[in-house]
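Please take these sequences and the hints and turn them into a complete structure.
There are 2 protein chains.
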Amino acid sequence: MAQEAPYVTIGRQFVEFYYQTFDTNRAGLGGLYRPTSMMSWEEKHHLGADAIVEKLTNLPFSKVQHDVTNATKDFQPIGEDTILVLITGALMVEGQERPMSFSQVFTLKQDAQNWYIYNEMFRFVYPAA
Amino acid sequence: MAQEAPYVTIGRQFVEFYYQTFDTNRAGLGGLYRPTSMMSWEEKHHLGADAIVEKLTNLPFSKVQHDVTNATKDFQPIGEDTILVLITGALMVEGQERPMSFSQVFTLKQDAQNWYIYNEMFRFVYPAA
Chain A
1 MAQEAPYVTI GRQFVEFYYQ TFDTNRAGLG GLYRPTSMMS WEEKHHLGAD AIVEKLTNLP
61 FSKVQHDVTN ATKDFQPIGE DTILVLITGA LMVEGQERPM SFSQVFTLKQ DAQNWYIYNE
121 MFRFVYPAA
Chain B
1 MAQEAPYVTI GRQFVEFYYQ TFDTNRAGLG GLYRPTSMMS WEEKHHLGAD AIVEKLTNLP
61 FSKVQHDVTN ATKDFQPIGE DTILVLITGA LMVEGQERPM SFSQVFTLKQ DAQNWYIYNE
121 MFRFVYPAA
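Chains as they are written, first to last, in the UniProt record's numbering: chain A, 1 to 129; chain B, 1 to 129.
Treat the hints with caution; some may be incorrect.
Note that identical chains are pooled: a pair holds if it fits in a single copy or bridges any two copies.
Quick list of in silico lysine to any residue cross-link-like pairs, SDA-like style, CA-CA up to 20 Å [unchecked claim]:
no., residue 1, residue 2
1, 73, 53
2, 55, 113
3, 73, 122
4, 109, 25
5, 73, 19
6, 109, 58
It is worth saying that the hints were derived from the structure and are not from the lab. All figures in this text were calculated on a predicted structure; none of them were measured in a lab.
Structure follows, in C-alpha cells:
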C-alpha cells in the first residue's frame, strides 16, 4: 500500500480537528491562529487570532454542523513548508430546514512543532440555477 | 479612494485572463504553468505544464462558459511572493440545460516578470439538498 504523503496526513488531521471544534466549541479554534493569520468570511477580512476568533464566535448562527464525511478534501504542498487545503461540502445551521453548500480554503504553516492557519477563506456556494 | 493592493490587482488580472482563455482557447493556458505546477481536477492530480494542459484540453466538454462577472473572487497574500486566489461561481457546459456551481483555488508565484500557477484545485459543488 502506498504511504500517504505527510502533507495529506497533516491536512486530514487538521480538517477533522477544525470542523469538530467549529461545531462544538468555536472559541477553541483560537490556538490555530497567529497574529499574522488572515481570514475572510464572505466579503469581510479579519487579521490576527483575536479578530478572527471574535468573528467566528459572533457569526449569525450559534449552532452549525459540517458534513465532514461527505465533503471533498484536497491537499497540495506549497513549497517545503506550507500546505494548501480546499474543502467543499455542506453545512447545516440550527433552525434552518436545508443544508447549505460551502467552500473553504486554508494554508497551513508550522512554528515550533505546531501547524497553524496562515490563510483562510470561506464562501457559501449558492445553487447555480 | 484607497489604492488596491498589488496582490489584488494581479489576482484580478489573472482571473480575467484565465477564464477568458479557458473558454476560448484552452491550450493557450499552457504559458501559465511551469514543470513544478500542480493541478487537481476533481479527484485526479496532474504535475507540470504538459500534463496539466493535456488534461485541460481533454476534459469531457469541448465548450464551456464561466460566469466570471458573478463569481466570488477572494485574494490574500501568502508571505512576500505568493498570492492565494479562491473563485466560486457558475459555469455552463455546452449542450447542458443548467449551469453548474464550481469552486477553484490557485496559488500564483512569479519568475522573471511573469506570474504563473503553482497550485490549482478544481471541484464542482453540488447542491447540498
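*asked:* Regarding residue 109 and residue 25, is the shortest C-alpha distance of 20 Å or less found within a copy, between copies, in both, or in neither?
replied: Neither. Shortest intra-copy (23 Å) and inter-copy (36 Å) distances fail the 20 Å Cα cut-off.
_My question is about residue 73 and residue 53: at a cut-off of 20 Å on alpha-carbon distance, are they close within one copy, between copies, both, or neither?_
Neither. Shortest intra-copy (23 Å) and inter-copy (23 Å) distances fail the 20 Å Cα cut-off.
_Regarding residue 73 and residue 122, is the shortest C-alpha distance of 20 Å or less found within a copy, between copies, in both, or in neither?_
For residue 73 and residue 122, both the intra-copy (14 Å) and inter-copy (11 Å) Cα distances are at most 20 Å.
*Go through the copies and call it for residue 55 and residue 113: within, between, both or neither, with a Cα cutoff of 20 Å.*
neither (26 Å within a copy, 38 Å between copies)
*Have a look at residue 109 and residue 58 and pick one of within, between, both or neither, based on CA distance no larger than 20 Å.*
For residue 109 and residue 58, neither the intra-copy (26 Å) nor the inter-copy (35 Å) Cα distance is at most 20 Å.
*Between the shortest in-copy and the shortest cross-copy C-alpha distance, which are at most 20 Å for residue 73 and residue 19: within, between, both, or neither?*
Classified as within; 12 Å inside a copy, 24 Å across copies.
Of the numbered hints stated above, those contradicted by the structure are hints 1, 2, 4, 6, listed in ascending order.
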